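Please arrange chains H and L on chain E, whose structure you already have, making use of the hints.
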Amino acid sequence: MWDLIRTYRKYDPATKSSLEVLFLYPGVKAIALHRIAHMFYRAGIPFIPRAISEWSRFLTGIDIHPGARIGKNLIIDHGMGVVIGETAEVGDHCLIFHGVTLGGVDFSPVKRHPTLGNHVVVGAGAKILGNITIGDHARIGANSVVIKSVPEHCTATGIPAKVVNSKGVVPGEELKHDQID
Amino acid sequence: MWDLIRTYRKYDPATKSSLEVLFLYPGVKAIALHRIAHMFYRAGIPFIPRAISEWSRFLTGIDIHPGARIGKNLIIDHGMGVVIGETAEVGDHCLIFHGVTLGGVDFSPVKRHPTLGNHVVVGAGAKILGNITIGDHARIGANSVVIKSVPEHCTATGIPAKVVNSKGVVPGEELKHDQID
Amino acid sequence: MWDLIRTYRKYDPATKSSLEVLFLYPGVKAIALHRIAHMFYRAGIPFIPRAISEWSRFLTGIDIHPGARIGKNLIIDHGMGVVIGETAEVGDHCLIFHGVTLGGVDFSPVKRHPTLGNHVVVGAGAKILGNITIGDHARIGANSVVIKSVPEHCTATGIPAKVVNSKGVVPGEELKHDQID
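Chains as they are written, first to last, in the working numbering: chain E, 2 to 182; chain H, 2 to 182; chain L, 2 to 182.
Isolated chain E, as found in the complex:
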């Protein structure tokens, strides 16, 4: 947890103290509660994990299924409306903004949600759907709908999202550091 708080302080220079991060950032609470829910989920205990995740959703507006596998130092900024599905996987050092969904498009009992690599940035309101992979250091533009895998270091934007080279630009658009505060 201290690692995560340090990450937040580094990410957001406006942060004044670790106490502020601990008490006032919904993303920190959501991850802490998810760690507990995920532990119960893996132990095969019924009801409790989902009860924790619903409580977390009520407190933070962030809805992470207890089954989701979340890497180190994930920052969920603002967070309201984020939904992360049961079989989703998120790598280390990712940054996800409010309104993002890591969702499914069918009900296959096996893996039906996306996998994010490390250092992935997902802009506000983007929906990533199905058992696809977002490569390391990839960026997803705000409000995009991603239904195909995105390679490493690429940027994808639009509905449906199209991949552009990390050096490239979408016509009329130049994606900068991380698409939304």
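Calculated from the structure, these hints are not laboratory results.
Check each hint, because a few of them may be wrong.
The list treats identical chains as one, so a pair stands whether inside a single copy or across any two.
As the list claims (entries may be wrong) - No more than 25 Å apart at the CA atoms, straight line, and that leaves these computed lysine-lysine pairs for PhoX-like: (1) LYS112 x LYS11; (2) LYS112 x LYS17; (3) LYS163 x LYS149; (4) LYS73 x LYS11; (5) LYS30 x LYS73.
Every value quoted in this text rests on a predicted model; they were computed, and no experiment measured them.
Relative to chain E, chains H and L alone:
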């Protein structure tokens, strides 16, 4: 209500018990509270219906105007950010994901919100605006903005949403069972 | 505050009383709490302003940074998922729907969020990103992603948003009074 709970259990195989559905699914709470608010609304009682719907919004993140007419067995999955307007109508057996709006584009005192048929599926973040009709078994893609009626069995995606035949595919996109978990 | 309540009543003819507006409209609560948080923020007091804005976010689903400068009579309709950044500025008599973000694309310590003129209308789910300007009486379509300034009296829609003359129409789309209830 038992019918609705049965529908949820059928929809989501991960559900372990009816108690889980009753206590942990925000969509179930929102519909139950809406039924009460709508009763007061039809009786012409002031303040109370809106107070119930605001309370429901606080508890669930789902904002249904007391005037909206909701059919049988509507599933609202995840639900955070859903807004359903006063003169909206939703048929039976529909499925609506989080972030969906059934909204208006003007302030005509008469019907200004959409009508959904039966078995309609609306993907996460989609906005359906104005007094238009979405036909039975139609599907709306995630983050789409729909401002024209969509015929039965068709799929519509994009901003503004374009209709594709239910057998057809959007270039680079193949819409599957129900666009998002 | 009475001015704001009057504005709501004028905006929404369905409103029955000023008490209803005061107690049941999340946008009114969010603005009232923001005025207090902004006062503490300008006084340079730590922790308290962010604690107020987080409490407001929990109550209303509306996340306004204490540093944001908000003009007179801003209506935030429905409001769930709205995010307004630290250096954002909003003019007088604007109308913002749920899911709207006034966000940033980098971490420059100076102004990194948008400026809205007067009488601007922003449709549900739209993201306005970076230190750009939205002119007086401009309209932003639902779910649009705006990364370039929009002139006065113009309408912008799409991902990325393209500007159309206020008299013009997007192909297949005719934007009316204010894009969503």
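Verification of the supplied hints:
{"no.": "1", "hint": "LYS112 x LYS11", "in the structure": "between (34 Å within a copy, 19 Å between copies)"}
{"no.": "2", "hint": "LYS112 x LYS17", "in the structure": "between (40 Å within a copy, 19 Å between copies)"}
{"no.": "3", "hint": "LYS163 x LYS149", "in the structure": "both (9 Å within a copy, 20 Å between copies)"}
{"no.": "4", "hint": "LYS73 x LYS11", "in the structure": "within (15 Å within a copy, 35 Å between copies)"}
{"no.": "5", "hint": "LYS30 x LYS73", "in the structure": "within (15 Å within a copy, 34 Å between copies)"}
Hint compliance for this structure: every hint is met.
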